[in-house]
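Visitor: Now for the letters of each chain:
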Amino acid sequence: AQTVTQSQPEMSVQEAETVTLSCTYDTSESNYYLFWYKQPPSRQMILVIRQEAYKQQNATENRFSVNFQKAAKSFSLKISDSQLGDTAMYFCAFTPGFYNTDKLIFGTGTRLQV
Amino acid sequence: EADIYQTPRYLVIGTGKKITLECSQTMGHDKMYWYQQDPGMELHLIHYSYGVNSTEKGDLSSESTVSRIRTEHFPLTLESARPSHTSQYLCASSDRPENYGYTFGSGTRLTVV
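Those sequence lines, one after another, are chains A and B.
Quick note on numbering: the first sequence equals residues 0 to 113 in this note's numbering.
Quick note on numbering: the second sequence equals residues 8 to 120 in this note's numbering.
If you're looking for bench data, these hints aren't it; they were derived computationally from the structure.
Possibly wrong hints are sitting among the right ones.
Straight line, CA to CA, 20 Å or less: simulated EDC-like cross-link-like pairs of lysine to aspartate or glutamate [stated by the list, open to error]:
| no. | chain 1 | residue 1 | chain 2 | residue 2 |
| --- | --- | --- | --- | --- |
| 1 | A | 72 | B | 79 |
| 2 | B | 38 | A | 101 |
| 3 | A | 77 | A | 60 |
| 4 | A | 102 | B | 86 |
Label-pair ranges, simulated between beta-carbon atoms [said to hold, decoys possible]:
| no. | chain 1 | residue 1 | chain 2 | residue 2 | range |
| --- | --- | --- | --- | --- | --- |
| 5 | B | 20 | A | 53 | 30 to 36 Å |
| 6 | B | 48 | A | 53 | 44 to 50 Å |
| 7 | A | 71 | B | 25 | 36 to 42 Å |
| 8 | B | 59 | A | 99 | 44 to 50 Å |
| 9 | A | 83 | B | 14 | 36 to 42 Å |
| 10 | A | 53 | B | 91 | 23 to 29 Å |
| 11 | A | 39 | B | 34 | 42 to 48 Å |
| 12 | B | 15 | A | 30 | 49 to 55 Å |
| 13 | B | 24 | A | 8 | 32 to 38 Å |
| 14 | B | 59 | A | 53 | 31 to 37 Å |
Bear in mind the structure is a predicted one, so any value in this text is a computation, not a measurement.
We treat Cβ as the ideally placed atom computed from N, Cα and C, and that holds for glycine.
Can you build the whole structure from these sequences, using the hints too?
Guide: The structure is reproduced here in structure tokens:
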């Protein structure tokens, strides 16, 4: 079965520091898409960053970047210069395949406190 | 501004009542989803739709039902609410999940007393 594991239920970081949230996944597919979502308290879930598995270059969006290790099936999120507004639940997700993209598979989430 | 709207935002209702949670999107997305999420917990897919008149059950068994008679509207109905239905319900939509992921609504927090 295709699964996503986020092994850190809760993390905390000081303002202006850097934090890395871990995510591993299991799939037999060779190509797929990966995502990190942010869910602030009582607010809408939003897309933070997206990675295509067939691209070796790690995605970057301002202070957010990923460390994508395809062979290890690892997709960690690094937040630099942490801000109070980064306090949220963070969910890792991926598509079952390159063409099977209609349903995302989500992890259990990591609660980040800044 | 294109977005996805869920109403009500909060709902407290008695056991046995029939309820409908509304979800509408203005983006013309074909794909729509309902997730159930206990506070601070993972998301469980309970229903999805690939277009008008298309509905499917998700990975988590649910006593709720859905309909999709218009592209923009995907309501979820509970015929007889029970305390076990207490949860947060998130609606999402997508056009090209591989490119843009999902767009989520703000959620409905349901409490059945």
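Visitor: If you test the structure against every hint from before, which numbers come out violated?
Guide: 1, 4, 5, 6, 7, 8, 9, 10, 11, 12
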